[in-house]
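Participant: If you read the sequences in order, they're chains A and B. One point on numbering: in full-length UniProt numbering, the residue at position 174 of the first sequence is 174, and numbering is uninterrupted. One point on numbering: in full-length UniProt numbering, the residue at position 27 of the second sequence is 27, and numbering is uninterrupted.
By construction, these hints were calculated from the structure, which means they are not laboratory data. Predicted, not measured: the structure shown is a model, and the values here were computed from it. Careful, some of the hints might be misleading.
[What the hints assert, rightly or not] Output of the computed footprint for chain B on chain A, the stretches with three or more beta carbons under 8 Å from beta carbons of chain B:
(1) 70-78
(2) 86-92
(3) 114-127
Even glycine gets a Cβ: it sits at the ideal position worked out from N, Cα and C.
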Amino acid sequence: MRIVIVDEPGLRATILEDGLREAGYTDIDIVPPRGGFVARLERMAPDVVLIDLGNPSRDSLEEMLTVSRALARPIAMFVDQSDEAMIGAAIDAGVSAYVVDGLRKERVKPVVELAIRRFNAFAKLRTELDEARTELATRKTIDKAKGILMQTRGLSEPDAYALLRSTAMNQGRRLVEVADALITASALFAAPAGAAK
Amino acid sequence: MTPLSIAFLPLTDSAVLVAAREQGFAEAEGIDLRLLRDTSWATVRDRLVFGQVQAAQMLAPLAVAVSLGLSQHPAAIAAPFKLSTNGNALTLAADFAAALDPEMQNRIVDPVATAHDFAAAIGLHRRKPVIGIVHRFSSHALMLRYWLAYAGVDPDRDISLRVLPPSLMAEAMRAGEIDGFIAGEPWSSVAVADGLGEIVSVGANIWQRGVEKVVALREDWAEANPDTVDRLLRALSQAAAWCDTPENRPALADMLAAETYVGQPAGLILPALEGRLTLRRGTDPVAVPDFMLFHREATAFPWRSQAAWIYSQFVRWRMVEPSAAAEATAARVFRSDIYRRALAGTGATMPGASSKLEGALSAPLPVGAYSGEALTLGADRFFDGRVFDPAAIDAYLASFHG
C-alpha cells in the first residue's frame, strides 16, 4: 500500500511517518504542498493520501483527484462512509484521508486510526512545548528581576525572591507580572548608555 | 444564548457574518455566534458536512454540488439566505493583459470586446495561459467559463484552470505559477496594490446580479432546529442591511481588516464595498456601480431559479449527468421557504414569487412583494443578453450550441 503524507517537512510529518513504519508500512512519501506538488503526487499514484484537514492546498488536491486521467482508480475522501465514529474522530483530530476506490476498509482503517492517534499526539506535544516555553520565559524574567533587586538594594537571592513574592501577594498579581513591571521600571530609571559622562 | 459556529474564508463577502457578530445583531437574537476562519473551501465544506460547525459561508455552486454528491461526501444542503451578489474580479498579469484594450476602463465596461481580446491573447502568450480559480464549483469559475465560451474559448482545452484558495492567488502570481485569476475581493485589490496584475473584468459586468455566496446548513440540522435557524436569519438580515448602508462602509472595512477575519488593510477592502476599484497600481480608481450587494433588492432572497441556473451550468460543462431528479435536487438547495418563515413580519422585503426569469431585466423593475418595503429588482442582464427560464433549461442549453 503506497501512502503519501502531504505536509511540510517537520515534526508532525515525521511522527506520522515513524508511526506508519513501526506498524509495518514501508511505501511512504512526504510531499510538501508547494508549487507543482499535485503533479508529483499524481505520478506517485498513491493508494492513500493523508493531509491536515486545514491545509490550504486541499482544494488543489481534490481538483487533481477529480480530473486526473493518470490515476488508474478514483480517490475520494473516507471512501467507507459507514464508520461515522472514525470519520468524526478524524475530523476532530484534523486528519483528512483520501483513499483509492476499491481498497478494502479493513486495510484502510488501521492507517486512518494511526494517523488520528499521531495527529492527536502531535497536538498534545505542541501544547506541552508551548507550556515549557512559557515556563522557561517566566523563569528568565523572575531571575532578571531578582538580579536587579540584588544589585540595587544589596539583597541576597532568597531575600530578593521573598520580596518579589510578598509584593505579588499583596497586590494580588502574578509573580511574573511584578517581575516584568520591575524590569520595565528599572530600564526607565537607568541612565542611557554614555549619558553618565 | 444559543452557541452557533460558522466556518468562513477570509473574503470581503464574509461581511454579513462578521457584522452579525461584531455589531451585536446575533447577540440580540440570543445567538452566541462563533466565526471559524479556514483557508480552503474543502475544509469549510467538511466542517459543515461532518458537523463541526452548524453553518458555513459557501460558494452557491458548491452548496448545490455537495447536495448532488459531486464534491466528496454527499449531504443535503439547505441554503436559506444569500450573503452577497457578485463581488468578483478577474486579474491578469501585465504581460498577458497587454493584448487587451490599452484603455483599462474600456476592458471593464465592454465585456464583449474584452472576451474577444482575451481569446486572441491566448495564442500570443508564451504558454497556455494558467488561470487561477478558487474551486471547480465556484460562481466565479462558472462566470469565467460563460464569458470565455462566448468568444469561442473552450475553457477545458484552450486554457489551464488551476484551483487555489483565494488568499494564495497573489503569491501564485508573484511566483509566476499563474497568469491571472478570478476570485472574490480583496484578493484582486491586493494583487493590484502589489503590482502583480491588472483587473480586466468584474463579475458584475458578466452577470449584473450574479449569485455568489450563501449561508449553507445541513438540511437535517435545519429541520431539527427551526427556531435557531429563524433567529440566525433575522440576525443576518439586520447585519446585511447595516453592511449595505454607505455610511457604515469605512467601519465595516476596519472590522474586516482584523487579523482574525480578512487580515488585509482596510484601504484594500473598502474599494470593493464602495464600488471604486483601482485597476492598475498607480492609476485612479474607477467607479464600478453595484460591484457587490449585501441587502438592497432583497439580495439575500434565495431565488430557486438561481440554483437552477447553477445546475444548468453544471450540465453545460459536463460536471453532472442531466436528469429530472438532479434538477429538482439542485433547485431545492435554495430554501426560499425557510427565508419566508424566518423573516415574515420583520419588515424584510418579501418577493411574491420564489422563481423568476434570470437576466430578463435591462432596467430596474418594481415587482410584487408581500410585505416590507416595495421591492425593485435591479437590472440583471447577462452580458450576452441571454435569458434563463428555469422552466426551459433544455432550450437554454441548446442555445449555446447555435
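Participant: Decide, hint by hint, whether the structure agrees.
Facilitator: Evaluation of the provided hints:
Under the rule that three or more residues need a Cβ within less than 8 Å of chain B, the assignment of the segment 70-78 of chain A holds, with 3 such residues. Counting residues of the segment 86-92 of chain A whose CB lies closer than 8 Å to any CB of chain B gives 4, which reaches the minimum of 3, so the coverage claim holds. For the segment 114-127 of chain A, the proposed coverage by chain B is not satisfied: 0 residues have a C-beta within less than 8 Å of a C-beta in that chain, short of the threshold of three.
The structure shown violates just one earlier hint, number 3.
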